[in-house]
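Asker: Quick mapping for you: the protein sequence lines, in order, are chains V and D.
Residues in the first sequence are numbered from 612 upward in steps of one, following the working numbering.
Residues in the second sequence are numbered from 612 upward in steps of one, following the working numbering.
Treat each hint with caution, since some may be false.
As the list claims (entries may be wrong) - Derived DEER-like restraints, expressed as beta-carbon distance ranges:
{"hint": "1", "chain 1": "D", "residue 1": "Asp-1045", "chain 2": "V", "residue 2": "Ala-935", "range": "49 to 59 angstroms"}
{"hint": "2", "chain 1": "V", "residue 1": "Asp-984", "chain 2": "D", "residue 2": "Glu-841", "range": "15 to 25 angstroms"}
{"hint": "3", "chain 1": "D", "residue 1": "Ala-963", "chain 2": "V", "residue 2": "Asp-984", "range": "48 to 58 angstroms"}
{"hint": "4", "chain 1": "V", "residue 1": "Arg-724", "chain 2": "D", "residue 2": "Gly-965", "range": "32 to 42 angstroms"}
{"hint": "5", "chain 1": "V", "residue 1": "Tyr-1039", "chain 2": "D", "residue 2": "Lys-959", "range": "29 to 39 angstroms"}
{"hint": "6", "chain 1": "D", "residue 1": "Ala-935", "chain 2": "V", "residue 2": "Cys-1011", "range": "21 to 31 angstroms"}
{"hint": "7", "chain 1": "D", "residue 1": "Ala-1006", "chain 2": "V", "residue 2": "Leu-961", "range": "37 to 47 angstroms"}
Stated by the list, open to error - Straight line, CA to CA, 20 angstroms or less: simulated EDC-like cross-link-like pairs of lysine to aspartate or glutamate:
{"hint": "8", "chain 1": "D", "residue 1": "Lys-939", "chain 2": "V", "residue 2": "Glu-765"}
{"hint": "9", "chain 1": "V", "residue 1": "Lys-939", "chain 2": "D", "residue 2": "Glu-837"}
{"hint": "10", "chain 1": "V", "residue 1": "Lys-988", "chain 2": "D", "residue 2": "Asp-984"}
{"hint": "11", "chain 1": "D", "residue 1": "Lys-939", "chain 2": "V", "residue 2": "Asp-1045"}
{"hint": "12", "chain 1": "V", "residue 1": "Lys-750", "chain 2": "V", "residue 2": "Glu-765"}
{"hint": "13", "chain 1": "V", "residue 1": "Lys-939", "chain 2": "D", "residue 2": "Asp-860"}
{"hint": "14", "chain 1": "V", "residue 1": "Lys-988", "chain 2": "D", "residue 2": "Glu-841"}
{"hint": "15", "chain 1": "D", "residue 1": "Lys-988", "chain 2": "V", "residue 2": "Glu-765"}
{"hint": "16", "chain 1": "D", "residue 1": "Lys-988", "chain 2": "V", "residue 2": "Glu-841"}
{"hint": "17", "chain 1": "V", "residue 1": "Lys-939", "chain 2": "D", "residue 2": "Glu-841"}
{"hint": "18", "chain 1": "V", "residue 1": "Lys-959", "chain 2": "V", "residue 2": "Asp-1045"}
{"hint": "19", "chain 1": "V", "residue 1": "Lys-988", "chain 2": "V", "residue 2": "Glu-960"}
{"hint": "20", "chain 1": "D", "residue 1": "Lys-959", "chain 2": "D", "residue 2": "Asp-984"}
{"hint": "21", "chain 1": "D", "residue 1": "Lys-988", "chain 2": "D", "residue 2": "Glu-978"}
{"hint": "22", "chain 1": "D", "residue 1": "Lys-939", "chain 2": "V", "residue 2": "Glu-841"}
{"hint": "23", "chain 1": "V", "residue 1": "Lys-750", "chain 2": "V", "residue 2": "Glu-837"}
{"hint": "24", "chain 1": "V", "residue 1": "Lys-750", "chain 2": "V", "residue 2": "Glu-762"}
FYI, nobody ran anything at the bench for these hints, they're computed from the structure.
No residue lacks a Cβ here, since even glycine has one placed at the ideal position from N, Cα and C.
Protein chains: 2
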Amino acid sequence: MPVPELPPPQSSLPEAVTRFGATVLGAVAARAHDTDAVGGPTGGRPLPGPPAGLPFGPPATAVPPTAVPVTDAPGQGVGLERLLRGPHGLGTAGLRLAPREERPVTPAPREGRPIPGLYHHPVPEPDEARVDEVSRRIKAWALDEVSLYPEEWEEQFDGFSVGRYMVGCHPDAPTVDHLMLATRLMVAENAVDDCYCEDHGGSPIGLGERLLLAHTALDPLYTVREYQPEWADSLHADAPRRAYRSAMDYFVRAAGPSQADRLRHDMARLHLGYLAEASWAQQDQVPEVWEYLAMRQFNNFRPCPTITDTVGGYELPADLHARADMQKVIALASNATTIVNDLYSYTKELDAPGRHLNLPVVIAEREGLSDQDAYLKSVEVHNELMHDFETEAAALATACPVPAVQRFLRGVAAWVDGNHHWHQSNTYRYSLPDFW
Amino acid sequence: MPVPELPPPQSSLPEAVTRFGATVLGAVAARAHDTDAVGGPTGGRPLPGPPAGLPFGPPATAVPPTAVPVTDAPGQGVGLERLLRGPHGLGTAGLRLAPREERPVTPAPREGRPIPGLYHHPVPEPDEARVDEVSRRIKAWALDEVSLYPEEWEEQFDGFSVGRYMVGCHPDAPTVDHLMLATRLMVAENAVDDCYCEDHGGSPIGLGERLLLAHTALDPLYTVREYQPEWADSLHADAPRRAYRSAMDYFVRAAGPSQADRLRHDMARLHLGYLAEASWAQQDQVPEVWEYLAMRQFNNFRPCPTITDTVGGYELPADLHARADMQKVIALASNATTIVNDLYSYTKELDAPGRHLNLPVVIAEREGLSDQDAYLKSVEVHNELMHDFETEAAALATACPVPAVQRFLRGVAAWVDGNHHWHQSNTYRYSLPDFW
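With the hints as constraints, model all of the structure from the sequences given.
Answerer: This is the structure:
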């Protein structure tokens, strides 16, 4: 089997899961504590405990998490007038879970600055109590449940701060249990990407096989009795599959069947994207800009924002999710978040061995632009995607005044903003080029 | 762009779309004509006309199609007692659209014999009037709408008899328009498989890029205004993409959003399966049997039976489709149909250049069995999948007595049977090994 061993996670998890600057203070004036107990849902779908037989149990002590005060109670919907007003005239401020004008943010000292000219919405620092608890639990899961890395790398795993990332992206999660659904999946997705696709053990050769077999940890095989046990055993054969299997097991127990089906579909898209990118790498080929953008709509954060309803403890009905206008909104938002990754990881990828495709690199190569001009053009591509997302989301909110749709759109917008904040703040890995 | 040109279709379309034996008479005593007009739906969801601006219009003359008399009117459901009775004790005879005991079949002289010991259900010959009309229309679509092949190959395209295939698999389609939805997709899927993946122009190299770009004909790109036109133009750049784009355009206009989303998901699975198979081909590697079976659950007929509701003019609700027990039934049925393809195409693939993976070949190689023993073991694998499908379908029918579920299960069973019949009858391409 050409499946590589798990590399050291401190160097392997890609840009999206990495260490958050140590000087973050995170004091946000307007946040208030709510009263839900960790592990005891006070809103949304009740979550089951961990799977029987796994060593990781609920936390011994309840930590009172804080929650961003959402002016509209989750699931209650908002009036369209509220939803569509906003200081920027795009009509989308109300789609945010924490509208800026109603939740003044006390700027916290932090590392990193936003990319000049990048259209984005600043958000408060993630709740520290939640970050601490999610970070503690995700480490225990990685060590005790899926053996993602050797114990001596525990401290380094803490440094990735995937807990901070996911708390920031899901401000309306009713409990830490809900946040853990997203956090396990994010860790698992990054483990698969890195161990199978990227430099740390990955390769384009045999990638189709590896990704398909890993995909069966999400979308199970149904075959004859003689061969089923070998497949079941294979899901424990390496860290990526162990992580996928366990993360999906938790997710399926918390989600409705259509929500699980949606995630499987988005993960199939992600794997197709990996394989397209790998085919260019194997041929040392730089695609056309539009081809790169098409690939990047698949090799994309999409599986993360689209679980916002499950993480929020409610369900966007399948027929509303499948609407063409909703699919367009999801694609635009996910594409914007993904180009954010290209832009913040630009200098890091330039320093890495080999040629790593990202939007500025592809534009420079294909359109004969300087590195600076190509980068600045990529910022404009991002901004247009963001504006289009907000315009289309506002139109959908008007066309479909259903509470679950309104909340889902706010959840996607919150994910977009939290994702930007995490990238911007992460000076441990990211630094901006000297283009301004 | 490493996308190959379309090869001659007469040698390129794989086993699933090929010429039907010329001596088929197809007289079936118990069939009766219904009164719907071609192009004028008398049941199910009304279908739109062809897309504006395309040269292919509705047929000039209405041909009265015949329909298999379905004892239970479409969409009306059946009593569970009826549904679960059956001569074989598996409780699934009632899942068939045309229960054998109520629709005696006058055996028609035909070429081909079933594989000895293969568990299957004989079905009547497809209705000849419908076959003729679908065949006429699919040829016009291939020539006039998507330029699938040069005009001089028209006669050879007729010989593939994909119309016969699809009419046989969808006996409850209310009109020929509905049948065309399935027929266009089947032709398009085979064009992509053959031109991108298989020997006739295909290659594992660059396949990830080609399949992803083709997938955007099904699952559209949403990007910035500068690059969107180049993507839109790319959908006309080769026959596979032209076929995908057009077939999906018709489908989306006839289907509900969740039905379209389901098809996109199944097609993403299919493309992942192609890429896993390609990774083995590139490494000249024979997988383990369970690995092959996992790949074959993705490189699979699944996108065909799962549109049975759209082709039937009704909709299985998304939440019922997503149920774990329904997903299991669909996977088992689709896996059985796919192993049927492996078994009937065995001698053909042995004669082809290079090593073509199929279940008997993989079992022989991996388990050290003779060709004969490996083939006979593959028949048993198929039979267990079929029995499991029927058992699980009967359990689901009992657990979920909803008319759309009952009809969908009957539709999937009809597809399984029609698929077997088409393979068995197709002595133009298939011959059985001398193992009995």
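Asker: Hint by hint, say whether it matches the structure.
Answerer: Right, here's what the structure says about each hint:
1. D/Asp-1045 x V/Ala-935: 49 to 59 angstroms: With Cβ atoms ~53 angstroms apart, the hint holds.
2. V/Asp-984 x D/Glu-841: 15 to 25 angstroms: 20 angstroms, holds
3. D/Ala-963 x V/Asp-984: 48 to 58 angstroms: For V/Asp-984 against D/Ala-963, whose Cβ atoms are near 51 angstroms apart, the range 48 to 58 angstroms holds.
4. V/Arg-724 x D/Gly-965: 32 to 42 angstroms: 56 angstroms, violated
5. V/Tyr-1039 x D/Lys-959: 29 to 39 angstroms: About 58 angstroms separates the Cβ atoms of V/Tyr-1039 and D/Lys-959, which means 29 to 39 angstroms is violated.
6. D/Ala-935 x V/Cys-1011: 21 to 31 angstroms: Holds - the Cβ-Cβ distance for D/Ala-935 and V/Cys-1011, about 29 angstroms, lies within 21 to 31 angstroms.
7. D/Ala-1006 x V/Leu-961: 37 to 47 angstroms: 57 angstroms, violated
8. D/Lys-939 x V/Glu-765: Distance of about 39 angstroms is beyond 20 angstroms: violated.
9. V/Lys-939 x D/Glu-837: Cα-Cα ~17 angstroms, so holds.
10. V/Lys-988 x D/Asp-984: Violated: V/Lys-988 and D/Asp-984 sit about 62 angstroms apart, past 20 angstroms.
11. D/Lys-939 x V/Asp-1045: 54 angstroms, violated
12. V/Lys-750 x V/Glu-765: Since the Cα atoms of V/Lys-750 and V/Glu-765 sit roughly 7 angstroms apart, the hinted pair holds (cutoff 20 angstroms).
13. V/Lys-939 x D/Asp-860: At roughly 16 angstroms apart (the allowed maximum being 20 angstroms), D/Asp-860 and V/Lys-939 satisfy the hint.
14. V/Lys-988 x D/Glu-841: 18 angstroms, holds
15. D/Lys-988 x V/Glu-765: Judged against 20 angstroms, a Cα distance of about 48 angstroms means the pair is violated.
16. D/Lys-988 x V/Glu-841: Measuring from Cα to Cα gives roughly 18 angstroms; hence the hint holds.
17. V/Lys-939 x D/Glu-841: 18 angstroms, holds
18. V/Lys-959 x V/Asp-1045: Roughly 13 angstroms between the alpha carbons, so the hint for V/Lys-959 and V/Asp-1045 holds.
19. V/Lys-988 x V/Glu-960: 18 angstroms, holds
20. D/Lys-959 x D/Asp-984: Given that 20 angstroms is the threshold and the Cα spacing comes to 18 angstroms, the pair holds.
21. D/Lys-988 x D/Glu-978: Holds. D/Lys-988 to D/Glu-978 sits at ~11 angstroms (cutoff 20 angstroms).
22. D/Lys-939 x V/Glu-841: 18 angstroms, holds
23. V/Lys-750 x V/Glu-837: 36 angstroms, violated
24. V/Lys-750 x V/Glu-762: The hint holds at about 10 angstroms.
Hint check: violations occur at hints 4, 5, 7, 8, 10, 11, 15, 23; the rest are consistent with the structure.
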